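**Q** Each protein sequence line maps, in turn, to chains A and B. FYI, my numbering numbers position 46 of the first sequence as 46, with every residue one higher than the one before it. FYI, my numbering numbers position 202 of the second sequence as 202, with every residue one higher than the one before it.
None of these hints come from the bench; they were simulated from the model. These figures come from a predicted structure and were not determined experimentally. Worth double-checking, as some hints may not be accurate.
[What the hints assert, rightly or not] Dumping the calculated DSS-like pairs for lysine-lysine here, alpha-carbon to alpha-carbon at most 30 Å: (1) Lys286(B) - Lys59(A); (2) Lys41(A) - Lys286(B); (3) Lys9(A) - Lys260(B); (4) Lys270(B) - Lys51(A); (5) Lys38(B) - Lys59(A); (6) Lys56(A) - Lys35(B); (7) Lys334(B) - Lys56(A); (8) Lys9(A) - Lys149(B); (9) Lys270(B) - Lys41(A); (10) Lys35(A) - Lys149(B); (11) Lys41(A) - Lys260(B); (12) Lys260(B) - Lys270(B); (13) Lys334(B) - Lys286(B); (14) Lys114(B) - Lys51(A); (15) Lys260(B) - Lys35(A); (16) Lys35(B) - Lys114(B).
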Amino acid sequence: MAKAAKNYKRMSEELAGIIAWFESGEIDLDAASAKYEEALKLLGQMETYLKTAENKIHKISIGSKD
Amino acid sequence: MDTVFTPADFVAVLNQTLEFAYPSVIIEGELSNFKVSKNRWVYFDLKDDEASVRFFGTVYNLPGPLEDGLTVRVIGAPRLHERFGFSVNFRSIQPVGEGSIKKAADLLYKQLEKEGLFALERKRPLPSMPRSIGLISASGSAAAADFIKILGERWGGMDIYFSDVYVQGEQAPLQLTAAIEHFNQLSVMPEALVITRGGGSADDLAAFDDERVVRAVAASRIPTLVAIGHEIDVSLAELVADLRASTPSNAAQILVPDKKHELTTLARTKQSLSQFLDSIYESERKDLTTRQLFLSSHLKNLFSKELENLSSSRKLIEALSPNAALRRGYALVKKEGKHIASVQRLTASDSLNVALADGTIDVNVVEVKTHG
Numbered sequence: 001m002a003k004a005a006k007n008y009k010r011m012s013e014e015l016a017g018i019i020a021w022f023e024s025g026e027i028d029l030d031a032a033s034a035k036y037e038e039a040l041k042l043l044g045q046m047e048t049y050l051k052t053a054e055n056k057i058h059k060i061s062i063g064s065k066d
Numbered sequence: 001m002d003t004v005f006t007p008a009d010f011v012a013v014l015n016q017t018l019e020f021a022y023p024s025v026i027i028e029g030e031l032s033n034f035k036v037s038k039n040r041w042v043y044f045d046l047k048d049d050e051a052s053v054r055f056f057g058t059v060y061n062l063p064g065p066l067e068d069g070l071t072v073r074v075i076g077a078p079r080l081h082e083r084f085g086f087s088v089n090f091r092s093i094q095p096v097g098e099g100s101i102k103k104a105a106d107l108l109y110k111q112l113e114k115e116g117l118f119a120l121e122r123k124r125p126l127p128s129m130p131r132s133i134g135l136i137s138a139s140g141s142a143a144a145a146d147f148i149k150i151l152g153e154r155w156g157g158m159d160i161y162f163s164d165v166y167v168q169g170e171q172a173p174l175q176l177t178a179a180i181e182h183f184n185q186l187s188v189m190p191e192a193l194v195i196t197r198g199g200g201s202a203d204d205l206a207a208f209d210d211e212r213v214v215r216a217v218a219a220s221r222i223p224t225l226v227a228i229g230h231e232i233d234v235s236l237a238e239l240v241a242d243l244r245a246s247t248p249s250n251a252a253q254i255l256v257p258d259k260k261h262e263l264t265t266l267a268r269t270k271q272s273l274s275q276f277l278d279s280i281y282e283s284e285r286k287d288l289t290t291r292q293l294f295l296s297s298h299l300k301n302l303f304s305k306e307l308e309n310l311s312s313s314r315k316l317i318e319a320l321s322p323n324a325a326l327r328r329g330y331a332l333v334k335k336e337g338k339h340i341a342s343v344q345r346l347t348a349s350d351s352l353n354v355a356l357a358d359g360t361i362d363v364n365v366v367e368v369k370t371h372g
């Protein structure tokens, strides 16, 4: 039932990892720029997910209701 | 002429007639002589002021523990047994009326409490962002519609597997139980199970105090959220669930975050990261400026020191220059252009050139004398 595709929770965890990296205090400018780009990409994907993802209803039958 | 039956024939004919005339009867009355034999067979009578009817069945059709004096509604088939006489074989028995429902629920509550089914330690957290939800509710009900609507307004990208069941009436306990068990038997189970219905009378909500339903909720491997749209009495199914909500809409609010709030958080995160990166750039710029200043100052010192060294060297060189000695009154003697530092190779009448500070003179040696 669960999708294998990259989901919001996973993206959220990745973003949390990047924020933690920024907060670690040992920042290299080149690495920070690369991480920032990575974060922007993730943020974009997360925004798109929130704005476009819709729920799918699957009706399932367990015996008859009648 | 009147028909004469054997006892067996009479039982068979009467049962045939009963099956035809009353395939199913619903009888409501006061429970008496209730007993369970060998943990399997159930016997009781239903009575009112004028009559009493015997019933027979199995524990599997009980809604939970019952006791004499409760008012119950029983559905079953009347039958004449070859040896034990007349009884109604029941397939469903439900307490009716607020008092009886409450009393039956209290009996079950005590039993389940002893078993620890309401213990807080049993409660599991529900996933914060479930990707799949098993929804057990009545299709077309306001409860299901509200839950799905609010869920969609708050969060997307989920697969909702909707099991349409009766949430009240005779079939409700078995359908609810079957649906819970179905989701729990899937090879890939949904991440959360939501069982919901709107409010109603005590009779309407009786299925959620049914022992089979309550035990199925308690036994669910999938974390459960039970939401019944009422506030006064909490059903036993809600008490054994991992989480309860006051209404179907409230269930959706509890189950998933709000995407509007999440979007605001993302915007703030973006801003914070940008500011953070800017501060890193600023810090690096300051660092670079400091280094430049340091290097510049260091080079300046180095040049200055070298210039001093050069000046000293120049003075030293100048001090060591023969011209300096000449200026102090010394003379430089040359013979045939070569500097003479000794009298050893000189003889009388040699022509010499003597350089002084302000000019030269050519002289002839008159006599050579050595010291000592």
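**Q** Next step is simple, just say for each hint if it's right about the structure.
**A** Here's how the hints hold up against the structure:
For the given pair, Lys286(B) sits about 62 Å from Lys59(A) by alpha-carbon distance, which is inconsistent with the 30 Å threshold. The straight-line distance between the Cα atoms of Lys41(A) and Lys286(B) is roughly 29 Å, inside the 30 Å bound, and the hint therefore holds. A C-alpha spacing of about 16 Å is found between Lys9(A) and Lys260(B), which places the hinted pair at or below 30 Å, so the restraint holds. For the hint pairing Lys270(B) with Lys51(A), the CA-to-CA distance comes to about 17 Å; that is within 30 Å, so the pair holds.
Restraint check for Lys38(B) and Lys59(A): not satisfied, since their Cα atoms lie roughly 41 Å apart, outside the 30 Å limit. Restraint check: the Cα-Cα separation between Lys56(A) and Lys35(B) comes to about 49 Å, which exceeds 30 Å; the hinted pair is violated. Simply put, Lys334(B) and Lys56(A) have alpha-carbon atoms about 116 Å apart, too far for the 30 Å limit, and the pair is violated. For the suggested pair Lys9(A) and Lys149(B), the alpha carbons sit about 22 Å apart, so the restraint of at most 30 Å is met.
Restraint check for Lys270(B) and Lys41(A): the C-alpha separation of about 11 Å stays at or below 30 Å, so the hint holds. Proposed proximity of Lys35(A) and Lys149(B) is contradicted: the alpha carbons are some 38 Å apart, above 30 Å. Only pairs whose Cα atoms come within 30 Å are accepted, and Lys41(A) paired with Lys260(B) is accepted, the gap being roughly 20 Å. Distance hint between Lys260(B) and Lys270(B) is fulfilled; the C-alpha atoms sit about 15 Å from each other, no more than 30 Å.
Using a Cα cut-off of 30 Å, the hinted pair Lys334(B) and Lys286(B) is violated, with the two alpha carbons roughly 67 Å apart. Between Lys114(B) and Lys51(A) the alpha-carbon distance is near 48 Å, which puts this suggested pair outside the 30 Å criterion. Distance hint between Lys260(B) and Lys35(A) is fulfilled; the C-alpha atoms sit about 26 Å from each other, no more than 30 Å. About 21 Å separates the Cα atoms of Lys35(B) and Lys114(B), which keeps this hinted pair within 30 Å; it holds.
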